[in-house]
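Q: Chains A and B supply the protein sequences, listed in that same order.
Reading the first sequence from the start, the letters are residues 1 to 315 in the working numbering.
Reading the second sequence from the start, the letters are residues 1001 to 1321 in the working numbering.
Some hints here could point you the wrong way.
Claimed, not checked - Stretch by stretch, here's where chain B covers chain A in the computed footprint (C-beta under 8 Å, at least three residues):
{"no.": "1", "region": "96–107"}
{"no.": "2", "region": "136–147"}
{"no.": "3", "region": "192–202"}
{"no.": "4", "region": "259–269"}
Claimed, not checked - Sample of chain A residues lacking proximity to chain B, with all beta carbon distances greater than 12 Å (derived):
{"no.": "5", "residue": "Thr-16"}
{"no.": "6", "residue": "Gly-18"}
{"no.": "7", "residue": "Glu-41"}
{"no.": "8", "residue": "Ser-42"}
{"no.": "9", "residue": "Gly-63"}
{"no.": "10", "residue": "Glu-77"}
{"no.": "11", "residue": "Met-79"}
{"no.": "12", "residue": "Ala-113"}
{"no.": "13", "residue": "Arg-125"}
{"no.": "14", "residue": "Glu-164"}
{"no.": "15", "residue": "His-205"}
{"no.": "16", "residue": "Ala-248"}
{"no.": "17", "residue": "Arg-278"}
{"no.": "18", "residue": "Phe-283"}
{"no.": "19", "residue": "Ala-287"}
Don't read these hints as lab results, they were simulated from the structure.
The beta carbon of each residue, even a glycine, is placed where N, CA and C say it ideally should be.
Listed below, chain by chain, are the residues.
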Amino acid sequence: MSPPEKLLEARDLAKTFGKVAAVRGVSFALRRGETFGIVGESGSGKSTLARLLLRLIEPSGGGVHFRGRDLTSLGREEMRRERRHIQMIFQDPFGSLNPRMTVGELVAEPMHAHDIGERGDRGARALKLLDEVGLPAAAGARYPHEFSGGQRQRIAIARALASEPALIVADEPVSALDVSVQAQVLNLLLDLKERHGMTLLFISHDLRVVEFICDRIAVMYLGEIVELGDKAAICGEPRHPYTQALFASAPGRPKTARLAGEIPNAADVPSGCAFRTRCPRAFDRCAIDHPPLRALGGERFAACHLVEPAAEAVS
Amino acid sequence: MNALATILEVRGLSVSLPIGGKLTPVVTDMNLSIARGEAVALVGESGCGKSMTARAIIGLPPPGAEIAGSIVLKGQELTQLTPSERRRIGGREIGFIFQEPMTSLHPTLSIGAQMTDGLRYHLGLSRTAALERARELLDRVGIPRGRDILAGHAHQLSGGMRQRVVIAMAIACGPSLVIADEPTTALDVTIQAQVLDLLARMREELGLAMLYITHDLEVVADFCDRAIVMYAGDRVEDGQPEQCLTRPRHPYTSGLVAAIPRMGGTSARLSPIPGQVPPVGAWPAGCRFAPRCAIADEICATRPVFDAGVRCWRPLASPAP
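Based on the provided sequences and hints, a complete structural model is requested.
A: Given below as structure tokens:
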């Protein structure tokens, strides 16, 4: 079997804001067609990472390769053209929808910006996209404030689809929605992803949502990926002590070990392993040596001195 | 239930708000009672009336609100009190914890000043005694070095620490009832678990009656003794949380539970409830859930009565005895 095609690859990506190390050397590859989840608590750097991938902010180090091109080396105009293929959906769709434009105009706008289709056809195509996300054609003539939170997120999704992207980066897209509406939007994302053969990068703090929608999951802590692997492995048999504690805290899980303390300040990252200050299994070495993200075999990775690679991965 | 142990008894509570110049019901026929040491969850989606129920009990409804029905706290009818009597009793007997601790903490007053305020007013403590009591309270909610915290301000604390301070303030005057409105929703899961543990410990140690408002039944299932599910201003189901999750009787409860992604679940799609919650002022005359209900029939055009734990003409299979 040939290895899965890499759509996007982050290589040792880093971002510091003054003294704050928000993202510290993150590397991973997105496979075409998959839904890749990034979970972490606030301060883990997951939203900064998303913005780095789209070059909405400039990295302090490392690079992003999209379909083989290094995005960090592109000029302004080239980057603008490349954005057509990577669209983003945010937690609060209201913040990303211009209140003075009708919904139809909002959905057609990316087609104008990226010169997609004939000018005269764009309005009709916008209505078709609205239909695809479950909104009536009449919605096109109305304004964003006339819609509920779930409907606004549908509008944002239609707008993201308008430029026919290969990748959608969704940052907490359902976190502000009520449970019954959240389920509608999650199902819609899955349907659209299948229909359009898109790749989805899904960022969330909600473990239940991530487990439901993702194929593979990366767990972030203080700006780093501490564990990465298939959904079943990460959720079912987490290996890193942080992942274990995180999933043990999820609603509906039997209450076992509680994690003490809170995530440290990113301006003052602990030496060695960043998680050691809260880790129930930390020992001397954890304060000195920084554990790299190592392959465990079976396409699993973890950054912990106590997690040994499986024998087949070593041989 | 022993009548003496009942802390809060709400009967036939209705709340109406002036919306677009017209008094519009937002909560109707609400009944609930909480005994000493008991925790009751009020569960529902935005706009179902759960927070408005809490505000009516606290005595802080929005301006222009009209409240009918009875709210009895430790044998005293609260709705008959003057506003100043209400404040005096409410401040001592009811503690509140809100979702976003920054909204209940003052940004420029020191934590100490905020914590001692209530202690001095309600318990008549001196400044020194109130500060000492505040330090003890912080210790009790798991904040060591209380003295440093008391001199500091809310913005210097993490979200989890702020919520601990708010919990300390809620229990400061020895309340018999604590109302917590989504107290962990804004917190990370590992911190959420810590705060739930703390609330459970406080409830046990102090014998508190607790009303816990949430949109996520699963979060509080093993924390609460009873769950009341609300939809469009109505109490639609009242039962044990575990039963609501595994054997719901109201089709809305069933839909709500099915819409939550479950850890370890294997289905390819979730089961959302079709349509949307009807806006306040546009509730159907009969069963308010009927337009979204898969099993609704003609009788559902008539308003169902609340009977045997459920407000539904066609409840799902009864729970096993």
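Q: Hint by hint, note whether the structure agrees.
A: Hint check:
For the region 96–107 of chain A, the proposed coverage by chain B is not satisfied: 0 residues have a C-beta within less than 8 Å of a C-beta in that chain, short of the threshold of three. Coverage of the region 136–147 of chain A by chain B is violated [criterion: at least 3 residues with CB-CB distance below 8 Å; count 0]. With 0 residues having a beta carbon nearer than 8 Å to a beta carbon of chain B, the region 192–202 of chain A misses the requirement of three or more and the stated coverage is violated. Counting residues of the region 259–269 of chain A whose C-beta sits closer than 8 Å to any C-beta of chain B gives 4, which meets the bar of three, so the coverage hint holds.
Every CB of chain B lies more than 12 Å from the CB of Thr-16(A), the least distance being 21 Å, so the non-interface label holds. With a minimum CB-CB distance of about 18 Å to chain B, Gly-18(A) clears the 12 Å threshold, and the non-interface call stands. Annotated as non-interface, Glu-41(A) brings its C-beta within 12 Å of a C-beta of chain B; the closest such distance is 4 Å. Separation of Ser-42(A) from chain B is inadequate, the least Cβ-Cβ distance of about 6 Å not exceeding the 12 Å criterion.
Interface exclusion of Gly-63(A) from chain B stands, the closest Cβ pair being 30 Å apart, more than 12 Å. With a minimum CB-CB distance of about 40 Å to chain B, Glu-77(A) clears the 12 Å threshold, and the non-interface call stands. Separation of Met-79(A) from chain B is adequate, the least Cβ-Cβ distance of about 33 Å exceeding the 12 Å criterion. Even its closest Cβ contact with chain B, about 31 Å, leaves Ala-113(A) beyond 12 Å, as expected for a residue assigned away from the interface.
Remark: the non-interface label on Arg-125(A) is consistent with the geometry, its nearest Cβ contact in chain B lying 26 Å away (cut-off 12 Å). Even its closest Cβ contact with chain B, about 24 Å, leaves Glu-164(A) beyond 12 Å, as expected for a residue assigned away from the interface. Its closest Cβ contact with chain B, about 6 Å, brings His-205(A) to no more than 12 Å, contrary to its assignment away from the interface. The Cβ of Ala-248(A) does not lie farther than 12 Å from every Cβ of chain B; its closest approach is about 8 Å, which violates its non-interface assignment.
A beta-carbon of chain B is positioned within 12 Å of the beta-carbon of Arg-278(A); the least distance is around 8 Å. With 12 Å as the threshold on Cβ separation, the claim that Phe-283(A) sits away from chain B holds: the shortest Cβ distance comes to roughly 21 Å. Interface exclusion of Ala-287(A) from chain B stands, the closest Cβ pair being 21 Å apart, more than 12 Å.
Hint compliance for this structure: hints 1, 2, 3, 7, 8, 15, 16, 17 are broken, all remaining hints hold.
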